[in-house]
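I would like the entire structure built from these sequences, with the hints used as guidance.
Protein chains in written order, with our numbering: chain A, 1 to 544; chain B, 1001 to 1282; chain C, 2001 to 2313.
Calculated from the structure, these hints are not laboratory results. Any given hint might turn out to be false.
Stated by the list, open to error - Facing chain C, according to a computed beta carbon distance under 7 Å, are these residues of chain B, among others:
hint : residue
1    : Leu1113
2    : Arg1116
3    : Val1117
4    : Pro1193
5    : Ala1197
6    : Ile1200
Every residue gets a Cβ at the ideal spot worked out from N, C-alpha and C, and that includes glycine.
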Amino acid sequence: MNQTKEPAVLDIAGLQIDLPIGADRPHAVANLDLRIRRGEMVCLVGESGSGKSLTAMATMGLLPRVLQRGVRGTISLAGRDLLKVTPQQRRQIVGREVSMIFQEPMTALHPVVNVGAQIEEVLKIHRPKLGAGERREQVLAALQAVQLPSPEQISRAYPHELSGGQRQRVMIAMALILDPMLLIADEPTTALDVTTQAEILRLIKDLQVRRGTGVLFITHDIGVVRDIADHVVVMQHGQVVEQGSAEAVLGNPRQDYTRALINAIPELGSVRPEPKDLGPVLVRMTDLRKSFTRRKGLFRQERFDAVGGVDLTLRRGEVLSVVGESGSGKSTLARCLAGLTVPSGGQIVVGSDVSQAAGSRRQRQRVQMVFQDPNRSLNPRRKVGESIIEGPMNFGASRKEATARAAELMELVGLRPDSLDRFPYQFSGGQRQRICIARALALQPEVLIADEAVSALDATVQQQVVRLLDDIRRRLDLSILFITHDLRVAAQISDTIVVMQRGRIAESGSVAAVLGSPQSDYTKRLLAAVPGQKHSFTEIEAND
Amino acid sequence: MSDIASPAPMRRLQLDPVTIFGLAVLAVLVATAVLAPWISPYGPTDINPAARLQPPSGEHWLGTDRIGRDVLTRALHGGRISLTVGFLVGIAVLCVGVVLGLLAGSVRWLDGLIMRVIDGIMAMPAVLVGVAMVVMWGGGLWALLIAIGIPSLPDTVRLTRSLALSIRTEPYVEAARMGGTRLPMLLWRHFIPNALAPLIVIGTYVGANAIVAESLLSFLGVGMPPEMPSWGNMIAEGRLAFQIAPWGVFVPALFLTATVLAVNLVGDGLRDSTDPLRLKSD
Amino acid sequence: MISFLLRRALATVPVIAIVMLAVFLVVHLGGSDPARIIAGDSAGAAEVETLREALGLNRPLPIQFLDWAGNTLRGDLGSSLFYGTPVVDMISVRIGPTIALAIGTLLFAVVLGVPMGTFAAVTAGRWPDKLLMGVASIGFSLPIFIVAYTLVYWLALVPGWFPVQGFTPPQTDFGQFLRGMTLPIITLGAFYMSLFARVSRAAVLDMLKEDFVRTARAKGATPLRVLTAHALRCAAVPIITIIGSSFAGLLGGVVVTETLFNIPGLGRLVTEAILKRDFPIIQGVILVTALIYIFVNMVVDMIYALLDPRIRQ
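Shown next, in the form of structure tokens:
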């Protein structure tokens, strides 16, 4: 990282992208300067709306037409201004000298063409003289390079037949097959499970170092930045807040915003103090099972256990996090407790009242839930006040009582009571999750389920909502079942952590026990994969 | 983590000029149909053997037919029939279709049954079934309306079913269920408001379709009683003197086309301005 | 794949059963009495009763249905009440012109409509889009007999370029056959062309917003390549769906078109049967067209499976 004299692979100067008239601010990106040298990994970090993705799209020439018109400044790739080239020239550059990988590899790949042919298309476009045999060889070599097992077989597979990690490897193979000088990676691991994320990060870092590719890596996750960045650019509201070497920015941030971003994601070690005395057992699940059937072949059906025999207790006042990767059954478990799914077997008892079947109307009131997607958890056509008082009125409250209570709850969750008369679209994602918490609390539940309730939020907002949940728990003596894929968030709020894998409990215990001295291999792997722990990937560089 | 995270604002219904044009045409058609007896000095069945097959003139603005009836008068009165048929069938199909679609979307064992029946209806050519029903059921207004309506059911049922299936899994519906809201209120508070726009749009297409179907059946001689001045009847009759008096065909045809086009334009406009997908992606 | 094909073929069984039931009920639940129709207006009550017994019409409806369904499955659609000829024979004589008209219309509509919609999608929001979609809106709203009379008046009657009506079998004079089919095909095709154009535009527009299209652009693919190899490839599924499911309506439209142009196909057979209340013919034609529709849609689903590997499972 001391090759200061080498010319930049990418040099963005004074980049400005105007937003259409009527948007919440005049520029999506304003006055952005950014340089990437050969073999350098530059992380562009920021929360949603910071303009980081648009910067990437502008470089690739992929901006929507409305925004394309309002681009100013220069984006030069090895001395050529990408904003001045003709469309024909641009098409010769993208895919060959600069290429890109995206957040969601499932939708970024063509659904009905096998992946070998999709990679081959790059060669067809940029190396038209190559014969079919040579193309085939290069495709297989590219798949080999991203460490996919049996490239022959993978090349004939369709995207839906591959796992998320395999798909992203295919995308990387496609992006790097012509050995571009610059790779743009737009949140390439955000949609992946944490263990897969670690593998993909390692792969990108490895290829970057080995091939000397410049990488513009866009992410919202400071942990990821910590693992891979050489140079960090922090963006907020379309402007660069701070930039510098990774050590400088992460180790000694000069701006409040950077500090807030860093502090929003605590390190795993900073576990909350050993908890107070927990109350009596409130929820007891015994041998809970939920299976689904899938059709296979003409008449055969395949049974698949989403939850396969789980025992779990939740005490009054306890925050219990269920942590696991996609397909671990954690959400199904939550839905069984919520009464939204009927279990295939086992028992759920809430309180001492055995007679109440899970999902009965009475029990529902005692268990309430906050959902993941803030855009869909409120009826878009109703005022939020109506959504909050709906439950209490179902259980006999008068409109007046319910509204008065709703106003109190709005204050409790940190919103103004007059927000009750507004529609969901008038609120930000974080505010909507607060409203959903108020709606859940309106029924005075004893158990609150938060099903990935903060996953869709930006880190700083995430932290605020987690604090709010913790605060409410303390004030109302609630029990919280906190479902998450993110061990770092779980560590912030939980008393107890349950790690699930393929429908079963891999490990459970107090936060300190599970995070401090994990017993099962799976938990160890999960912990090792959490981004942002100092051990990072420096070994790779040392090896090369 | 999209960079443009501004939530889609719930826009007021904004209609483009084409839709407004459609609405205006429709309004004029409705008004002239309602006011037909007062607009025209002739009755729709007034026969004037002295003035047969007359070309358009000051006296008969759009000419006369084979037995000397005023074509414009009959066309205006035909509007009453067509618009009524379109409106009634549209409403009826919407009601029945929504009920069937909701049942299919919520009761598992009924789903297979209803959807196979819908597949069956889709497999049969609407015109032929309509004709067969009217013929075998002895004509009559009800048989006609049913014959026109049933072939339009599949689209409404399928749309309602898919809306029910997708809205049912929305977190806000699950939250309401957890809040103790029972099915009728779930439908009223959460399903109807969010499904209304696409349902109204499909209702306009059903209405337009019904107007065409009525005229087709009338034209084939199995629709409205021949003495009624429906557009289809007029075209069927005008056809016999088409070479001498083409206005007998073209005038009702023009009214029919204008009506259907206007209804479709309004439907397209509503679809484009209320499409939930568009609201999301804007 | 084979399991998919088998499952798809099996799925037609309940639909065929329902169509048969519906066809049966249309005839037997109505107020009119087939025996009365056959016997004619002059027949006395006793005569009608004898006939009813002879035809088995006094048996319970379910028995009658099973009996009729059994015959139908064996390929016996009964005989015309008026001519006494087997319905199957009458249909097979008349089906040729109908098929020719249906296929011609479909070709016309697809060949014009799909490119129209695709071009409109590519130029979305600009004048070619508005022009093409305006044309499609009008075509979508024109009732077919209006198109027919307009065409006949301006292209046949006044200048005499095309025959006003009638049908020449292709084996007699192929040129004359084509000339005779032109106006009927345009008449019926105008609506379907507009329908396919609207659907194609929507489908292509949706696909152009997809992530994989962005990936193709990021590869440096030309706009033409992005459109054909990526967007159209995926838009094909919804477009083919509409083509398949519009087939029933198309066959219904053929009936009307044949009446308008005096083409001796199934449509004319049916309209003649209507006047004589000759219900076995009506039943038979509905059944045959429904079977054609079911078959076409089965083929369409199998085409999907070829186009889209996700469906095969």
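Hint check: 7 Å Cβ-Cβ cutoff, Ile1200 (chain B) to chain C: Violated - the Cβ of Ile1200 (chain B) stays beyond 7 Å from chain C, reaching only about 18 Å at its closest.
Restraint outcome when Ala1197 (chain B) is required to lie within 7 Å of chain C by C-beta distance: 17 Å, violated
Min Cβ distance, Leu1113 (chain B) to chain C: is it shorter than 7 Å? Check failed: Cβ of Leu1113 (chain B) comes no nearer than 9 Å to chain C, outside 7 Å.
Holds or violated: Val1117 (chain B) as interface residue toward chain C, Cβ cutoff 7 Å? 6 Å, holds
Please check whether Pro1193 (chain B) passes as an interface residue: C-beta within 7 Å of a C-beta belonging to chain C. 25 Å, violated
Would the stated hint for Arg1116 (chain B) survive a check requiring a Cβ distance to chain C of less than 7 Å? 5 Å, holds
Comparing the model with each earlier hint shows violations of hints 1, 4, 5 and 6; every other hint is respected.
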